[in-house]
Every structure is written in structure tokens, then in C-alpha cells.
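Quick note, the sequences are listed as chains A and B, same order.
Add 11 to a position in the first sequence, counting from 1, and you land on the number used in the numbering used here.
Add 600 to a position in the second sequence, counting from 1, and you land on the number used in the numbering used here.
It should be emphasised that the hints constitute simulated quantities derived from the structure, not laboratory data.
Among the hints, a few may not be true.
[As the list claims (entries may be wrong)] Straight line, CA to CA, 27 Å or less: simulated DSSO-like cross-link-like pairs of lysine-lysine:
| no. | chain 1 | residue 1 | chain 2 | residue 2 |
| --- | --- | --- | --- | --- |
| 1 | A | K141 | B | K1213 |
| 2 | A | K111 | A | K128 |
| 3 | A | K42 | A | K141 |
| 4 | B | K702 | B | K817 |
| 5 | B | K923 | B | K1149 |
| 6 | B | K923 | B | K726 |
| 7 | B | K1250 | A | K141 |
| 8 | B | K660 | B | K702 |
| 9 | B | K772 | B | K726 |
| 10 | A | K98 | A | K111 |
| 11 | B | K975 | A | K141 |
| 12 | A | K128 | A | K70 |
| 13 | B | K1299 | B | K1261 |
| 14 | B | K772 | A | K128 |
| 15 | A | K141 | B | K932 |
Given the structure is predicted, the values throughout are model-derived calculations rather than measurements.
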Amino acid sequence: MVRATLLSLARSGQGLYTQPEQHFAKATPNKGRDFFREVCRLLPWTVNNYKLNELITVKELRSNVHALFRQNSHVTNPGVIDVMIYKGREELEMVSLQHKQRHHLITEYVARPQELKRQLASNPQGSRSKFLESFYSGAAGMSQGV
Amino acid sequence: MLSKLARTASRSRVQQNLLLPSILLPQQPFQSSAVTSQQAAPAEDHIEVKVNGSPVQIPKGSTVMQACDAAGIDIPRFCYHPKLSIAGNCRMCLVEVEKSPKPVASCAMPAAPNMNIKTDTDLVKKAREGVMEFLLINHPLDCPICDQGGECDLQEQSMHFGSDRSRFTEMKRSVHDKNLGPLVKTVMTRCIHCTRCVRFATEVAGVQDLGMVGRGKDSEIGTYIDKLLTSELSGNVIDLCPVGALTSKPAAFTYRNWELKNTETIDVSDAQGTNTRVDSRGVEVMRILPRLNEDVNEEWLSDKGRFQYDGLKQQRLNVPLVKGPDGAFAPKRWPEALEAVAQGLQGIAGNEMRAIAGKLSDAESMVALKDLMNKLGCGNLTSEGGFPDLDADVRSNYVANTTIRGIEGADVILLIGTNPRIEAPVYNARIRKTWLEGTQIGLVGPEYDLTYPYTHLGEGPDALAAMLGGSDFFQKLQEAQHPAVVLGPGILSRPDRDTILQQVHELVEKAGVVKEDWNGYNILHDAASRVAALDLGFLPSARAQSAPKPKFVYLLGSDDYSEEDIPEDAFVVYQGTHGDRGAPRANVILPAAAYVEKEGTFVNFEGRTQRTKAAVPMVGDSREDWRIIRAVSEVVGRPLPYDTTDGVQKRLADVAPHLGKVDAVESPIWLNGEYNKAFAERAAKAAEAFQQPFSSSIKEFFMTDAISRSSQVMARCIQSRKTGHPKSATHPGAFGQDAAAHAAADM
Ligand code: SF4
Ligand code: FES
């Protein structure tokens, strides 16, 4: 898993890595990764506690969470990263205190990342135009009705 | 004491500010007093009257009610309707006129010069209260279970003008409900005998089915015998009925009017472009009502346009489907489906393709498809059930040049091969209106009941030829100041069309149908997409005639294509809304939005550009039509240069400028000379006219396209028309009440 992560990071050449000349150069490179690890530590408990094992293994869940992290890999502004980590920690807390319910976790961490991965698989180089992207996702041209 | 005073003061304010429902308000053709009082002298044909002390100028011959309307004062009313004759039988519109001993019914009283009208006196208040009291004596207290509740004139007016308590202790009268067929539900005890429905049926719809029987407290509204309301406009009596006596049967007990979201759009069930309001709740269309547009539909809507909406929930395509090697359809995601289209296109030359547009296609999707096909090197574009080789270079050649409103000015009308009653029922009501005003009407074609009498001149082309030789009716046409000729869509799809058009043109020429300031040449269409298709040039190119058999066919919502258009082995893409005829034939099915789910441009048969609006969201995973075509274009590697709604509409305006001018009619130039010459050449080539009689292009009014064919209500209409007996239309469990009873019985 870790190897795969590192590999994919290396392939895309961005992500958890930020430009050194930036303001918070020293602090940022590890922040996202550290938080990701923090999340990972809670995953076995989460799977167990929310009875997700009927749906997903810890390993799969980790890769799903990873996909969600990767979604923001283009963000380089340290301020923004800080805010995202802050919000992420909020989320983590809600999960660990069981303020979230099972179906929340299922939609957000089981169903949605899977959809995301599928999209990524069908459009590997990001070769599609913006129009086609939004067409496929159904975002464009949805009627304003209701 | 003080509080009582305050209450009366606020009450009278309510009275003055009362807004009557728009359907009751007549057109206000007069200027308000504020404007006219600034003019120096009143015009010749105007008189001055006083309403509540302030002077107003009104045209001679107006009624007292019109004077009050001109003064901006709303008079309560039930029986008066601006589009119907004056009955004067509800007495709700009583006002006081100085020097008249009794209050007068303002809707029926002509205004005389210097009349002094008062609408806010105690006498008027008391009179209204009295009328309300009488009306409510026999009106049931069932507002909580009445479908009209919340939009009922009686409810509103009794709130504003009625007394606050009842003195009535006797039994109320009750009346048997009449069965008017599958569309109009009746609860006749609620009827207040305003006779609006009767007047509508006899005057506008032209059917003598409804009437009043009995006298006094025994009078009832009904169809004298147990009979269906056989009109294509019958649904309008629901709007007209001021109370809940006539309501919509398919929508019975399904909504309250305040829950509904209103979207102003247009109807596409025929080519008239009737202005409608779609009322929806959540994702569901609950009802469709006409909107007032004097130029198009006045206040009417055909039954098909009003009641076919249940077809929008049946047989819908909601995911892309791709036919597998075993011939079974499998649901697919959009990328895979579009990939399948691209694969189907592989190795196919441009001239081996064909695109067919359906009856309900909007202009946006047609222009996008045309651009895409042209990019792929294909010029073989046709409209279904159409006349692909019609000459679309001259616009006056394929629209109703007189315009829908303009036909009212005609003094002789010749209908050729058309049955406007089913091709465009609302237009037929206009023709009937001109007939009522004394216009003479002649028909060449099979005899239909058009709801007005006409001179029948023969059935087919021979009658046309005979007319040219000079007949009585021809003479009338010649002598008329404003003669009009209306050609039906049936003629345009005949194989001998050119010859017949040539004859008609000779007639038009000889009879002087086209004059300096009058163009009486009209073509009627039967499909909403047709005029836009012709405007955009969605027509086969010159080379398409010699093209080989198509191997790839793109059906844009086309279900009425002819078999020979699609060869056995062709790869077919169907883009549309319903699993009707086209979808099963297709290799790839792309689900699209129906007309209430998207913004689309349509052109009606007089050439008026109008747009639909999205009232409800699209079903499932469907997409707007032109976006699908845009996406296909990208997947096959020939992206179209526009990808926003504005972009495609701009492209529309580039191709045909009048498509950019919404709600306007661009009157086409009459290219008489050149036009006839071209026809003469072509007709010389064309064969002799066949002797088979003309016929309408529509076989069954209630089922003309994918939506109406999927509608159960429309099916019920056909069923009940067959027997002419209303009962045959009700099958168990069809409507709310029955369904509930049925469910109970099943348990
Ligand atoms: S049924 Fe309705 S429209 Fe007809 S007379 Fe009665 S109240 Fe008037
Ligand atoms: S509106 Fe005048 S009598 Fe009915």
C-alpha cells in the first residue's frame, strides 16, 4: 500500500510535496502526510466500530481515504492546506466520537471514492474537455427545476 | 367603538385593493383615467363617464363593467368572461348607477355618456352580500375536499363580499353528477349556474353538447343525454368554471394549488406553440394550464397539450443502453455509451450516414446535429414523417403568412387538404371565431366535422382543378378583400405535392390571395419541430439523393420514421425520451430530456420563435438534447465550437436570425414571381396529380408522438371516443377515488 502510494506520488510528481521557496516551506511537506497517518491509525477501529466490515476491508478503506487526499494534491498554498487539515481533523473527531452515523461513512468513504476512482480510471490523462467532464458527471445542464 | 371603525376602514380597503384572479380580468383595452384626462378633447368615438366621482374615457358601446375596469376598479363577477358572450345571470357584478332605482348588472349594462357609476356605496355592498347569500344557499360546504379549494372564485369572493354569518337552516339541494368523459370531473352540486361552460362549448368549441335543463331550483348543467364531451378543447371548461363543479379528472385529489411551482413555457403537442404554464410539485408535473396570449392561443389549450403529461412518467428512458451481441440492451454509463457510438461510426463514410429529427426536437439539438453531421461529411438530414424535399429557400412557402391572429381578418377562407380541428384545435377555434363574424369557409378534402359549417368543394386534386376553372366559391375568393388559403400538412407529404402546390399557386395568383398589405397564403404544420427544421435547413443536401444506403442512422427523438429510411444492417443511435418505436430498433440509446425538463427553442407554424423552460428535473441519468450531441461530437473527435446554452443559441441566431428573437413573428417576404417559376419547372418534371383524395396527416388526435402515445389518459380518451359513451372510459382503479375503493376491495 505504502509502496503504491509512493509510486503514484512519484509518478505524478506532486501532491504532498510543496515548493521549497514557499512561505511555510519547512513546516508543510509533512503536514498532510502526518495527518493521513493519523487517520490511518483510526481506520481499523472505525471499520470495526461502525460494522463496515460487511462492506469494505481496512485496506480498501485506507485506499479510499487516500484517494480523497489525492484529490487535493494540487493544493500548494500552505494556508489552505492548514485549513483543510483543520477541517479534516474536525471530521475525524466526529467519526471517533460517533457523531457520524454508519450511512454517512458509507456514502462519503465507501461509495464516493469508488466513483472517483472509476472516473480516474476512465480518464487517466485528464484528456477530456471541461464540457465532457461536466457532461459525464451530470453537473452541466441539470435543470434548475425544484 | 374605535376598533370597530378601524375594522370597517380596513375592510373597505380590502375591497378596493382586491385582485381578482387573472382569468376573470378582461383585457383592458382602455386607457386609465389618469392618462386620458390629460388629453385635451375626448376622441369622437369615446364617451365620458364617472366612476366613483372620477371621469374616464371609454369607447362607445362599452359596458359599465368595462368602464369600471378602465377606471382600475375591480368588479366581482362569476358569469362574465371577456372571451364569451354576456349572460348576465349571476348578478355578482351589481353596481349603483345614479338615477337608476335598482342596482344594475354592470357586465350587461351599456355605459351611456355622463353616467355616474358608484361601486363603493352601502347599496352595492348590500347587493353583493345578498347575491353571495343566495349563491351559497345551495353551494355545498365541501371546500376541504374540493380540488378548486384555494383558487375558487366563490371562496375568494365570499370572503371579501359575503356576509359573515348564514341565515340558512334548510336542506341544501343536491344534483346528480354528470359523466363528461375521461377528462372533466363533475360535482354538479357545486355548480352556481354561471353558464360559462355552456357558452364555451357552444361558442368557442362549437359542440352543442352542454346545456342547461330544468328551471329554477331544478336547473342543472349537463349533456342532455349521457354523452361524452366530444371536443378537442373540452379541458378549458375546467379553467372557466369559477367553482369546483368542473375539475380535472386525471388530476383529481392529487394537489393543492398552493403547493405547486409555476413555470411559464410552451406546449409542443402540436405546431401552434400554445403558451402554457406547467405546474409542478417536486419532480412531478401536476397539471398544465394555458396562458393568455392573444396572438397565439388566446386563453385556450388543446386537450392533448393539457392532459398528456402523464405520458412523461411512462416508458421513460433513464440510462444509456447499449445493445450487446446477443441483442439485449445493457445499461451503461455515459462514457461507455458514447464510446459505443464512436465505434459504430468507425469506418463509415460521410455519405453513408443519415440523421432523422423527430416531431418534438428543439432547434438547439437540430442545429447541433446538423453541424455535427456536416462535420462528418454527411448531408442526409431529414425530418420524420415529413417532406424532406420541400423547398425551404423561400420562407413564405412553409409558414402561415397571415399569422394566427391575422386569420381573424379574413373574409373568405379556403381550407385545402386539412382538418384543423385535429391538426391544431386552438387554431380551429380561431377559424370558428371568424366564421361567427361572417367569414365564408370552403373545404377541399374529405368532409370532417370542423365545428362550423363550410362549403364542401370536393375531395381531391380534381376539385382543385375544377375550382381553377371557375366556380362559385372561386368567385367569392376573388371578390373577397382578405381571402385566405390554408394548406394542411397532409398535402406536403403527398408524392404529387409539387403538382398540387403548383395548382394552389395558380389559384392564389388568380384569386389575388396575396395583396399589397395582405398575405393569405398559409401552411399548417402538425409537428412542433417542423418549422424550425425548415428554418435551419435541416434538409437533405443536393448530393444526398445519390448517396448509397445509409449504414449509420442517428434518430433524434424520431419514432415515426418510415421503415425504408433505416436499412436492416444499419447501426442506429436513438436519442430520445421514451421507449417507443425508435428505441428498440437502436444499437445505442441515449436518454434525453422531455420538453418540460429543458430549455428549448421552437418555432410555431406562423413562424413565431418561443422557448420552453425547465419545470421539473430530468429523469434518471438523462441529459439535454444538444449537450448529448455536443458530447458525441467530442468523443468522435469533431468537437462542435460551442459548449454553453448561450453558445448554441448564438449559433441558432447565426443560422436563422429570427430564431434569436423570442416571442416575435418575422413576417417573411413573399417571393411570388421567382417562386412560381421554380415551381413551374419542377411541376413539369413531376408526374400528374394522383386522383386519390386529400387526407389529414393526423390519424388519431390523441396519439401523435412518443409522449401522447405513452399517456394512459390519452388512451382512455380514444377508448371513450370510440363508443361515444363516457362510461366506457373508466376502468377500475383509474382515478383517485376509484383507486382507493378498489384497493379497499382488494384487501
Ligand atoms: S359547471 Fe361551472 S362553469 Fe358550468 S355553469 Fe356550473 S359553475 Fe358555471
Ligand atoms: S358578471 Fe355580471 S351578471 Fe354575472
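Quick rundown of the hints versus the structure:
| no. | hint | verdict |
| --- | --- | --- |
| 1 | K141/A x K1213/B | holds, 25 Å |
| 2 | K111/A x K128/A | holds, 24 Å |
| 3 | K42/A x K141/A | violated, 31 Å |
| 4 | K702/B x K817/B | holds, 24 Å |
| 5 | K923/B x K1149/B | holds, 22 Å |
| 6 | K923/B x K726/B | violated, 74 Å |
| 7 | K1250/B x K141/A | holds, 20 Å |
| 8 | K660/B x K702/B | holds, 24 Å |
| 9 | K772/B x K726/B | holds, 23 Å |
| 10 | K98/A x K111/A | holds, 15 Å |
| 11 | K975/B x K141/A | holds, 21 Å |
| 12 | K128/A x K70/A | holds, 15 Å |
| 13 | K1299/B x K1261/B | violated, 34 Å |
| 14 | K772/B x K128/A | violated, 70 Å |
| 15 | K141/A x K932/B | holds, 21 Å |
The structure is inconsistent with the numbered hints 3, 6, 13, 14, although it conforms to all the rest.
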